[in-house]
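Enquirer: So you can see what is in the structure, the chains are spelled out below.
Number of protein chains: 2
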Amino acid sequence: MIKFEYQKTARVASDIMQKQIIDLKPELAHMHDALQKQYSSEFASLYCPFDQEMIAQVKQLVSVKLRLQPAMLVVVGIGGSNLGTQAIVKALDVQGIDVLFIDTVDPDQLHSITLKIEQLLTAGKEILINVVSKSGTTTEVAANFKILYALIKTYRPTNYRNFIVITTGKESELAAIAEEEGIDMLEVPELVGGRYSVFSAVGLFPLLLAGVNIDQLLIGARNAIENSFNGVDNTAVTSAVLMNENWKNGCVVHNFFFFATRLEFLGKWYRQLMGESIGKENEEGKAVGIIPMTSIGSVDLHSVAQLYLAGPHNIYTSFVTVTNFDHHIKIPATIFPNLDSMANGKYLTEIMHAISKGTQQAYIDRLNPFCSYTLSAINSETLGWFMQMQMIQMMLLGKLLRVNPFTQPNVEKYKIRTREILGE
Amino acid sequence: MIKFEYQKTARVASDIMQKQIIDLKPELAHMHDALQKQYSSEFASLYCPFDQEMIAQVKQLVSVKLRLQPAMLVVVGIGGSNLGTQAIVKALDVQGIDVLFIDTVDPDQLHSITLKIEQLLTAGKEILINVVSKSGTTTEVAANFKILYALIKTYRPTNYRNFIVITTGKESELAAIAEEEGIDMLEVPELVGGRYSVFSAVGLFPLLLAGVNIDQLLIGARNAIENSFNGVDNTAVTSAVLMNENWKNGCVVHNFFFFATRLEFLGKWYRQLMGESIGKENEEGKAVGIIPMTSIGSVDLHSVAQLYLAGPHNIYTSFVTVTNFDHHIKIPATIFPNLDSMANGKYLTEIMHAISKGTQQAYIDRLNPFCSYTLSAINSETLGWFMQMQMIQMMLLGKLLRVNPFTQPNVEKYKIRTREILGE
Chain A
-8 MIKFEYQKTA
2 RVASDIMQKQ
12 IIDLKPELAH
22 MHDALQKQYS
32 SEFASLYCPF
42 DQEMIAQVKQ
52 LVSVKLRLQP
62 AMLVVVGIGG
72 SNLGTQAIVK
82 ALDVQGIDVL
92 FIDTVDPDQL
102 HSITLKIEQL
112 LTAGKEILIN
122 VVSKSGTTTE
132 VAANFKILYA
142 LIKTYRPTNY
152 RNFIVITTGK
162 ESELAAIAEE
172 EGIDMLEVPE
182 LVGGRYSVFS
192 AVGLFPLLLA
202 GVNIDQLLIG
212 ARNAIENSFN
222 GVDNTAVTSA
232 VLMNENWKNG
242 CVVHNFFFFA
252 TRLEFLGKWY
262 RQLMGESIGK
272 ENEEGKAVGI
282 IPMTSIGSVD
292 LHSVAQLYLA
302 GPHNIYTSFV
312 TVTNFDHHIK
322 IPATIFPNLD
332 SMANGKYLTE
342 IMHAISKGTQ
352 QAYIDRLNPF
362 CSYTLSAINS
372 ETLGWFMQMQ
382 MIQMMLLGKL
392 LRVNPFTQPN
402 VEKYKIRTRE
412 ILGE
Chain B
-8 MIKFEYQKTA
2 RVASDIMQKQ
12 IIDLKPELAH
22 MHDALQKQYS
32 SEFASLYCPF
42 DQEMIAQVKQ
52 LVSVKLRLQP
62 AMLVVVGIGG
72 SNLGTQAIVK
82 ALDVQGIDVL
92 FIDTVDPDQL
102 HSITLKIEQL
112 LTAGKEILIN
122 VVSKSGTTTE
132 VAANFKILYA
142 LIKTYRPTNY
152 RNFIVITTGK
162 ESELAAIAEE
172 EGIDMLEVPE
182 LVGGRYSVFS
192 AVGLFPLLLA
202 GVNIDQLLIG
212 ARNAIENSFN
222 GVDNTAVTSA
232 VLMNENWKNG
242 CVVHNFFFFA
252 TRLEFLGKWY
262 RQLMGESIGK
272 ENEEGKAVGI
282 IPMTSIGSVD
292 LHSVAQLYLA
302 GPHNIYTSFV
312 TVTNFDHHIK
322 IPATIFPNLD
332 SMANGKYLTE
342 IMHAISKGTQ
352 QAYIDRLNPF
362 CSYTLSAINS
372 ETLGWFMQMQ
382 MIQMMLLGKL
392 LRVNPFTQPN
402 VEKYKIRTRE
412 ILGE
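Each protein sequence line maps, in turn, to chains A and B. Note that this note's numbering has the first sequence beginning at -8, numbered continuously upward. Note that this note's numbering has the second sequence beginning at -8, numbered continuously upward.
Honestly, the hints are just simulated from the structure, not real lab data. Treat the hints with care, as some may be off.
Treat identical chains as interchangeable: a pair holds within one or across any two.
As the list claims (entries may be wrong) - Below 20 Å or equal to it, Euclidean Cα-Cα: the simulated SDA-like pairs (lysine to any residue) are: (1) Lys337 <-> Asn153; (2) Lys81 <-> Ile104; (3) Lys337 <-> Thr128; (4) Lys239 <-> Asn305; (5) Lys348 <-> Lys406; (6) Lys321 <-> Glu109; (7) Lys161 <-> Ser103; (8) Lys239 <-> Thr105; (9) Lys107 <-> His318; (10) Lys81 <-> Lys259; (11) Lys337 <-> Asn315; (12) Lys259 <-> Val244; (13) Lys116 <-> Glu170; (14) Lys81 <-> Glu255; (15) Lys81 <-> Thr252.
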């Protein structure tokens, strides 16, 4: 399903690997124990893919909302409240309800979205709004929610509440609003942090409406968790160790290089996962952190490859290639045969694979350190596996770097300054 | 129009600044002379915004093609052949013909595009194809062109050639095809490199069809060139010096932080400009290069800000904020007044500005080095100015780092490996 390779390319000696993998065993045992505690340990998010009650509640609410025959779902959320959902929707060729994501307070972006909503509502069609914020205190989400609330109340004065679903923490101001207004609510457990929340109601409710097979998605996630604990061929542990060792060797950037256009948003989701989980002061007061970066093959070969192949050796790369795309397109053999003759009569997939392999070979030639993931196909199950694996890896990397992978203490700093300015 | 600020934030001493600015004077004089040589110096791209003949030719061809009443334009190009065009189309609220960009050979992406083309053609609508490749040897472009050529020939067997425009170098295989087939061709001058080509026919032809005011765009570009040579308040020189000094101080990454969603693609264009121009071995054989990165406010404050505000001090940032957005949206004052009360009754633009300033204040608090651009609005002229300024800056940065900013010698390395694999 997913093959992870690194032995000849990641440039970490096998004895160092083995030692570090052994060193992580107590942490793995700790995580395994935590899973039994469900939502009451800091590893709470690991329980999401196993939470049958939550999954049933999401499915029930989706079936209720589908009776309204919505033409569009608008997800109002930012960061951990929508990056994972967006990554999955954009990676899959989904057949469900159209989904629009509102995140930032860019007025021009919001204008085009409200225009679309008004067109649908005046044409007699229905839209669903899913407001997602665990804390319920996110400025962008509050602002956009108020604007959309006013809009839908204008067009559907009697039953507008039916078209809203709030996903939030039990104690938040949004939960109080849901209670007071009689708006449907899905709960985000207190200890499931935003960037680890994609397999909670945060992701599952909009994903199911969008047409994603969430059962397959969660099978993938559970397989990733089981793979991480059984330890024989343990991708999360191996990958965390490689990341750490390459960082110690000067790779201050981690580049996810996706050879599939649809996976670009997975990189955006991963940026938060890495940025917030390990970018902080560690236990010794040292500022640590690896800068997450995304590249798309083959576009970025015509953009940043020159730097990758001749610039400083400060990037560690994870290549992601896909064995089977959904579509097969052949390059005509007889049209302009002298124009790039090597590709005549070949399938685009073959070209894509050759470019991906050619790039990896050039990396080997230059001793650029990398690992590679090969996905048999882009589907719910492989995505579930991949994302869960990255989340476990980040928890382990937190352990190696001696940082708490579940906090983001310094984000408050810009928020305080922003509030000062707004309060002026 | 555009304000550039750095004095209190970029963390470079003013005497160092002054010395370096003086050191760059001969290079500026050299560039100024080069402009008189039109397309026959390595600074050829600087002449594009002044080339009235080329501009007239583009306008003439656009007026001819508009008579075909095309419903859609498909730009087939990769890297420098489409990144600048995409950046401008996506930044502006254009009202012309819909434009689709095909770059990589991702079969799923190409499938959805060919599906759309076939739907239009069977419905009796017309599409234009603009194939862009200076060398004419780019695998991705050749492959996609052959597939689209076969497609349009099937649906419009008698006049398919009318719907194709080839933009290429005079000596390329594509130019030979244009000649042989009687397909309209626009020329890319030999010394105008891909990443500097947005104001040549490469960008101008699709941009004019897309509804961009190219006259305003070129006014902006010419103003940037004149600003760079008169030297009183010289943004390109100042910015290049700041970038170089911060790089010497350990900032291995440059982060363009755009507080406007529509500018995200400008970051993609800039990645190539920086990656290929300065990521290479310098004259002393040292591997130099700054890693280009893009962030979007406020989304990325909920994603990577934790790392920016607490991780290693290895990032130099350029903030870009927009004073006036196209739309004005107010947050209702009376809906859920307890939910994030600070924003009640405020405009989204105010919130966006407060977040941008709050972030910059947090950067100052933490001594994170940065400069900032303030655009009065996102329009053709400010974009033209901004992009031309970045290109001049990159040429100067090449001088400071002692690399040739116009070559990309190492890109060949992965291409050779790819060809070996395809030839197996």
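Enquirer: Reference check for the pair Lys337 and Asn315, CA-CA at most 20 Å: within, between, both, or neither?
Expert: The answer is within: 15 Å in one copy meets 20 Å, while 50 Å across copies does not.
Enquirer: With 20 Å as the alpha-carbon cut-off, assign the pair Lys348 and Lys406 to within, between, both or neither.
Expert: Cα proximity of Lys348 and Lys406: across copies only (10 Å, versus 44 Å in one copy).
Enquirer: How would you label the pair Lys337, Asn153 (within, between, both, or neither) given a Cα cut-off of 20 Å?
Expert: neither (52 Å within a copy, 27 Å between copies)
Enquirer: Could you place Lys259 and Val244 in one of the four classes (within, between, both, neither) given a Cα distance threshold of 20 Å?
Expert: For Lys259 and Val244, the Cα distance is within 20 Å both inside one copy (15 Å) and across copies (18 Å).
Enquirer: Can you give me the call for Lys116 and Glu170, within, between, both or neither, at a CA distance of at most 20 Å?
Expert: neither (27 Å within a copy, 52 Å between copies)
Enquirer: Reference check for the pair Lys337 and Thr128, CA-CA at most 20 Å: within, between, both, or neither?
Expert: between (54 Å within a copy, 17 Å between copies)
Enquirer: At most 20 Å between C-alpha atoms: does Lys239 with Thr105 qualify within a copy, between copies, both, or neither?
Expert: Classified as neither; 48 Å inside a copy, 47 Å across copies.
Enquirer: When no copy is specified for Lys81 and Thr252, does a C-alpha distance of 20 Å or less occur within a copy, between copies, both, or neither?
Expert: Cα proximity of Lys81 and Thr252: in one copy and across copies (10 Å, 18 Å).
Enquirer: My question is about Lys161 and Ser103: at a cut-off of 20 Å on alpha-carbon distance, are they close within one copy, between copies, both, or neither?
Expert: neither (32 Å within a copy, 42 Å between copies)
Enquirer: With 20 Å as the alpha-carbon cut-off, assign the pair Lys81 and Lys259 to within, between, both or neither.
Expert: For Lys81 and Lys259, the Cα distance is within 20 Å both inside one copy (11 Å) and across copies (19 Å).
Enquirer: Are the CA atoms of Lys321 and Glu109 at most 20 Å apart within a copy, between copies, both, or neither?
Expert: So Lys321 and Glu109 pass the 20 Å test across copies only (17 Å; inside, 42 Å).
Enquirer: Please work out whether the CA atoms of Lys239 and Asn305 approach to 20 Å or closer within one copy, between two copies, in both situations, or in neither?
Expert: both (10 Å within a copy, 15 Å between copies)
Hint compliance for this structure: hints 1, 7, 8, 13 are not met, and every other hint is.
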